Amino acid sequence: MGLWHSLFPPKAPAFPPENRDTLALWNEAKRLASTTRLNLYPGAWAKNTVEDLCLNDNIDPEGSLAIALTDLAGSLLLASGLYDVPSEADYDFALADMGEGVRFRETLRHKILLLRQSEHYERLVQDLILDMLLGLLSDIDAPPVERHGVSHFRVPLLSCVPDMGKTLESLVGRMYSEDIRRSPLFLSLRDHFTDMLEAVLPAQGTLGDYIRKKGLTASDAVDIFLCGTPFAAVFLASLPFASNTCTSSPVPATAKRRPCSTSSWPTWNGQRGSLSASP
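488 is the number that our numbering gives the last residue of the sequence shown; the numbers go up by one with no jumps.
Check before you lean on any hint, since a few could be wrong.
Estimated spans, in silico, between C-beta atoms of each pair [what the hints assert, rightly or not]:
#1 Asn248 - Tyr385: 21 to 29 Å
#2 Glu227 - Asp418: 41 to 49 Å
#3 Ser447 - Ala233: 46 to 54 Å
#4 Glu387 - Ala408: 20 to 28 Å
#5 Gly424 - Ser447: 20 to 28 Å
#6 Gly308 - Leu343: 48 to 56 Å
#7 Val294 - Arg332: 17 to 25 Å
#8 Thr426 - Pro226: 53 to 61 Å
#9 Val294 - Asn257: 56 to 64 Å
Hints in this document: simulated from the structure, not taken from any laboratory.
The model shown is predicted, which means the values in this text are computed figures rather than measured ones.
Ideal Cβ positions, reconstructed from N, Cα and C, are used throughout, including at glycine.
With the hints as extra help, turn the sequences into a complete structure.
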């Protein structure tokens with residue numbers, strides 16, 4: 210027996226069982242993606258929703274604030290995990306690397322679950338994003354020039370948030386509502402926030418308390434807690450400025466600041482109505 214195996218050593222199967230599982234999951238995910246009817250993306254839901262919210266709040270529906278909120282809504286749609294489909298390159302990499310194969314199969318299982326109950330999960334996504342948009346609009350002191358007229362001086366939106374600790378705590382907290390926590394939605398985004406919060410916050414602390422205790426500026430809070438997420442871009446968006454608003458020490462949009470990357474997440478191109486990966 211030993212001699213036989215030394216002369217003719219056993220070979221791994223050309224297509225091992227785990228790769229067959231990967232292929233089966235991949236084909237099912239692609240089938241569901243091609244046959245499942247989804248209503249929020251692709252489409253104009255993000256733009257139309259923000260336009261309605263702005264009109265109700267007497268804000269220019271085509272102004273800088275509306276554009277920033279539309280971009281956020283679109284990016285969150287893709288970050289939900291419901292609308293994107295892994296690429297052929299992801300599949301090929303999963304076949305070639307054992308660890309990546311494990312992660313890829315888990316991703317496909319979540320995708321299949323989301324698409325098989327797409328109506329339920331799409332309703333959760335819609336409610337969450339709408340809730341976030343309403344919360345942001347209530348927390349932002351929109352400059353009057355966003356409502357009436359034009360200004361040649363601009364500031365980042367974060368300058369128009371009176372209490373960044375309260376705003377971020379509310380924003381991040383919405384990602385952990387019971388319905389979302391019990392679902393496979395926004396998994397990567399929630400993992401990001403979980404890792405970040407566990408590394409920074411004490412066991413009994415809150416995000417708002419930490420920001421206030423450390424005396425963080427709005428800019429520092431965005432850099433620390435939101436970099437690498439779809440939320441960073443909305444707070445860095447440039448708004449026209451009026452001197453009697455933007456109560457949190459406005460900083461001109463042209464001022465130098467530490468780079469805050471959002472490249473970890475696909476971004477929404479509102480003008481073309483599509484989602485694209487940041488370079």
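Comparing the hints with the structure gives:
no. : hint                        : result
1   : Asn248 - Tyr385: 21 to 29 Å : holds, 25 Å
2   : Glu227 - Asp418: 41 to 49 Å : holds, 46 Å
3   : Ser447 - Ala233: 46 to 54 Å : holds, 48 Å
4   : Glu387 - Ala408: 20 to 28 Å : holds, 24 Å
5   : Gly424 - Ser447: 20 to 28 Å : holds, 25 Å
6   : Gly308 - Leu343: 48 to 56 Å : violated, 41 Å
7   : Val294 - Arg332: 17 to 25 Å : holds, 21 Å
8   : Thr426 - Pro226: 53 to 61 Å : holds, 54 Å
9   : Val294 - Asn257: 56 to 64 Å : violated, 24 Å
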